[in-house]
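> Residue 54 is where the sequence shown starts when you use my numbering, and the numbers rise one by one after that.
Don't read these hints as lab results, they were simulated from the structure. Hints may be right or wrong, so weigh each one.
For lysine to any residue, the following SDA-like pairs were computed, each having C-alpha atoms within a straight-line distance of at most 20 Å [claimed, not checked]:
#	residue 1	residue 2
1	Lys158	Ala173
2	Lys130	Val102
3	Lys118	Arg73
4	Lys130	Ala106
Quick list of the computed label-pair ranges, beta carbon to beta carbon [what the hints assert, rightly or not]:
#	residue 1	residue 2	range
5	Gly217	Glu145	36 to 44 Å
6	Tyr186	Arg138	17 to 25 Å
7	Ile70	Ile135	52 to 60 Å
8	Ile218	Ile167	33 to 41 Å
9	Ala72	Ser136	45 to 53 Å
10	His122	Gly68	25 to 33 Å
These figures come from a predicted structure and were not determined experimentally. We put the beta carbon where it would ideally sit given N, CA and C, even for glycine.
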Amino acid sequence: VPAAVEGAITAENAGRIRARIVAEAANGPVYSDAEPILADMGTLLIPDVWLNAGGVTVSYFEWLKNLSHVSFDRMYKRYEEISTRRQLEATERLAGMEFPPDEMKILTRGPSEIDFVRSALQETMSESYRQIYETWRSRELPDLRTAAFLIAIERVAANYLALGIFP
């Protein structure tokens, strides 16, 4: 996991890498001339363009929140607490038992803003990787980076067409 500097893996040292997977946790840690060497050795390269997207994604969530001036948890937390409480109370009636008050409090605590952010980030990253992987395999592309770029370019092109910007 090259995570500190750009250009950590080059054509000169790529042949000495013995990892089955290289995850680009830094920006540009694998130079383009090293990529085919790693591929020829059967090393899967997880590109920085995807692996580093978490920070940008969370910044986007923050931007969305600031547009509405309402926190994510404020819109949903109370509803979730009430809904969960109703379910637990029905369970108590059916079972003829009661949850201890401290357990009821823990179980009915609605999601916090960080819960929403983590959940949305996990969903975004999982779904985007699935799309990248499927594009890589279905179109028989050379690597995950090419698949990620292809998806991005196709989305920009589709939006340009929809907006009448191009052609």
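> Between Lys130 and Val102, is the straight-line Cα distance small enough, at 20 Å or below?
33 Å, violated
> Taking the beta carbons of Gly217 and Glu145, is their distance inside 36 to 44 Å?
59 Å, violated
> Could you check the hint for me, namely that Ala72 and Ser136 are 45 to 53 Å apart, CB to CB?
46 Å, holds
> Falls inside 25 to 33 Å, the C-beta gap from His122 to Gly68?
54 Å, violated
> Does the alpha-carbon distance linking Lys118 and Arg73 stay inside the 20 Å limit?
40 Å, violated
> I want to verify a distance hint. Is the separation of the beta carbons of Tyr186 and Arg138 within 17 to 25 Å?
Violated: the Cβ-Cβ distance is about 40 Å, outside 17 to 25 Å.
> For Ile218 and Ile167, compare the CB-CB distance with the range 33 to 41 Å and indicate the outcome.
This hint holds: roughly 38 Å between Cβ atoms.
> Tell me if the beta carbons of Ile70 and Ile135 are separated by a distance inside 52 to 60 Å.
54 Å, holds
> Would the pair Lys158 and Ala173 pass a check requiring their Cα atoms to be no farther apart than 20 Å?
At roughly 25 Å apart (the allowed maximum being 20 Å), Ala173 and Lys158 break the hint.
> Taken at face value, is the distance from the CA of Ala106 to the CA of Lys130 at most 20 Å?
27 Å, violated
Of the numbered hints given earlier, the model fails hints 1, 2, 3, 4, 5, 6 and 10; all others are met.
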